[in-house]
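Asks: So the protein lines, in turn, are chains A and B. Everything in the first sequence is counted per the working numbering, starting at 1 for the first residue and increasing by one. Everything in the second sequence is counted per the working numbering, starting at 1 for the first residue and increasing by one.
Don't read these hints as lab results, they were simulated from the structure. Among the hints, a few may not be true.
Unchecked claim - Pairwise CB distance ranges, derived in the manner of DEER restraints:
{"id": "1", "chain 1": "A", "residue 1": "Q16", "chain 2": "B", "residue 2": "Q65", "range": "21 to 27 Å"}
{"id": "2", "chain 1": "A", "residue 1": "G84", "chain 2": "B", "residue 2": "E17", "range": "14 to 20 Å"}
{"id": "3", "chain 1": "A", "residue 1": "P87", "chain 2": "B", "residue 2": "E11", "range": "19 to 25 Å"}
{"id": "4", "chain 1": "A", "residue 1": "A8", "chain 2": "B", "residue 2": "G14", "range": "36 to 42 Å"}
{"id": "5", "chain 1": "A", "residue 1": "D10", "chain 2": "B", "residue 2": "G55", "range": "22 to 28 Å"}
{"id": "6", "chain 1": "B", "residue 1": "A41", "chain 2": "A", "residue 2": "E6", "range": "32 to 38 Å"}
{"id": "7", "chain 1": "A", "residue 1": "R102", "chain 2": "B", "residue 2": "Q65", "range": "42 to 48 Å"}
{"id": "8", "chain 1": "B", "residue 1": "A43", "chain 2": "A", "residue 2": "Q9", "range": "31 to 37 Å"}
{"id": "9", "chain 1": "B", "residue 1": "Q65", "chain 2": "A", "residue 2": "K44", "range": "43 to 49 Å"}
{"id": "10", "chain 1": "B", "residue 1": "P75", "chain 2": "A", "residue 2": "E63", "range": "31 to 37 Å"}
{"id": "11", "chain 1": "B", "residue 1": "I47", "chain 2": "A", "residue 2": "D10", "range": "46 to 52 Å"}
What the hints assert, rightly or not - Some chain A residues well away from chain B (every beta-carbon gap over 12 Å; in silico):
{"id": "12", "residue": "P15"}
{"id": "13", "residue": "Q16"}
{"id": "14", "residue": "P21"}
{"id": "15", "residue": "D23"}
{"id": "16", "residue": "V30"}
{"id": "17", "residue": "E31"}
{"id": "18", "residue": "S46"}
{"id": "19", "residue": "V60"}
{"id": "20", "residue": "E63"}
{"id": "21", "residue": "H81"}
{"id": "22", "residue": "E104"}
{"id": "23", "residue": "D114"}
Ideal Cβ positions, reconstructed from N, Cα and C, are used throughout, including at glycine.
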Amino acid sequence: MEVTIELAQDPITRPQTWRVPVDSETGSLVEFYGIVRETEGTEKISSLRYEAYAAMAEKVMREKIATLEKKHPCRAIRIVHRLGIIPIGENAIYVGIQSRHRREGFLFLQEFMDEFKKDVPIWKLR
Amino acid sequence: MRVLFFAQAREAAGWSEGMLALDEPISQAQFWAMMTPPSPALAALQISSRLARNGAYMLPGEMIQPDDEIAVIPPVSGG
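Could you build all of it, start to finish, from the sequences and the hints given here?
Replies: Written out as structure tokens, the structure reads:
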């Protein structure tokens with residue numbers, strides 16, 4: 001499975017452009033954009049600030065991907081997480097997954113994000 | 001031992017990174033006992049935070065070696 005991970009200060013553009021399809025057996029692209037909302041808890045905000053323990057964040061993501069790949073074989077994943085100050089309406093994260101069929105792509109994405117939220121050392125701060 | 005604090009743990013500790021000399025391995029409990037007296041706010045975060053040793057979450061009973069990098073990881077919230 002081809003894995004690309006980027007942690008960067010730059011805005012995450014919509015749509016993301018990457019090599020799709022990654023090969024001739026790819027039949028599905030499932031994408032997720034996480035967007036900064038106007039309310040955080042009960043508080044109105046204008047932006048959030050994200051920080052990461054970057055080396056560990058990438059390592060944990062690769063471990064999660066390796067585990068999930070055994071359950072839901074996919075062909076490629078691209079993850080981009082923006083760091084620094086992100087205004088409302090802009091993307092904090094992009095995850096794209098290419099697979100043979102849609103089912104493993106949806107399952108992979110759902111489970112990856114659940115694991116990401118538990119263990120990847122990235123924080124949002126007001 | 002190199003120590004890193006992130007996010008709320010950094011704000012509680014008042015510093016982000018530093019070196020502490022260790023003569024011998026210490027337990028995770030000993031690590032917290034060294035860190036929290038100067039920072040009551042960090043003590044409050046201890047229960048919800050995890051320690052990472054050289055970029056991996058520490059397991060119960062795992063010891064800290066003198067040349068390790070230890071990160072204090074408060075609850076994560078990325079994505």
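Asks: Indicate, hint by hint, whether the structure satisfies it.
Replies: Comparing the hints with the structure gives:
At about 41 Å, the beta-carbon gap between Q16(A) and Q65(B) misses the expected band of 21 to 27 Å. Hint check: G84(A) to E17(B), Cβ distance near 19 Å, so the stated range 14 to 20 Å holds. A beta carbon spacing of about 22 Å between P87(A) and E11(B) agrees with the range 19 to 25 Å that was offered as a hint. Restraint check, A8(A) to G14(B): a C-beta distance of roughly 28 Å breaks the suggested window 36 to 42 Å.
For D10(A) and G55(B), the hinted distance range of 22 to 28 Å is satisfied, since their beta carbons lie about 24 Å from each other. In this structure the supplied range 32 to 38 Å holds for A41(B) paired with E6(A), their Cβ-Cβ distance being about 33 Å. The hinted window of 42 to 48 Å between R102(A) and Q65(B) holds, with their beta carbons roughly 47 Å apart. Between A43(B) and Q9(A) the beta carbons are some 33 Å apart, a value that agrees with the proposed interval 31 to 37 Å.
In this structure the supplied range 43 to 49 Å holds for Q65(B) paired with K44(A), their Cβ-Cβ distance being about 46 Å. Checked against the given bound of 31 to 37 Å, the beta carbons of P75(B) and E63(A), roughly 19 Å apart, lie outside it. I47(B) and D10(A) have their C-beta atoms about 36 Å apart, which leaves the hinted 46 to 52 Å range violated. For P15(A), the requirement that its beta carbon stay farther than 12 Å from each beta carbon of chain B is met, with the minimum near 19 Å.
Listed as outside the interface, Q16(A) is consistent with that label: its C-beta sits roughly 16 Å from the nearest C-beta of chain B, beyond the 12 Å cut-off. Every beta carbon of chain B lies more than 12 Å from that of P21(A), the smallest distance being close to 25 Å; the non-interface claim holds. Even its closest Cβ contact with chain B, about 28 Å, leaves D23(A) beyond 12 Å, as expected for a residue assigned away from the interface. Consistency note on V30(A): stated as away from chain B, and its beta-carbon is indeed over 12 Å from all of that chain's, at 16 Å minimum.
Against chain B, the non-interface label of E31(A) holds: every CB pair exceeds 12 Å, the least being about 14 Å. At roughly 18 Å, the least C-beta separation between S46(A) and chain B is larger than 12 Å, which holds for a residue marked as non-interface. Not every beta carbon of chain B lies more than 12 Å from that of V60(A), the smallest distance being close to 8 Å; the non-interface claim is violated. Not every CB of chain B lies more than 12 Å from the CB of E63(A), the least distance being 9 Å, so the non-interface label is violated.
Its beta-carbon lying about 6 Å from the closest one in chain B, H81(A) breaks the requirement of being farther than 12 Å from that chain. Here E104(A) stays apart from chain B, with its beta-carbon at least about 21 Å from theirs, past the 12 Å limit. Distance to chain B contradicts D114(A) as a non-interface residue, since its nearest Cβ pair spans about 10 Å, not more than 12 Å.
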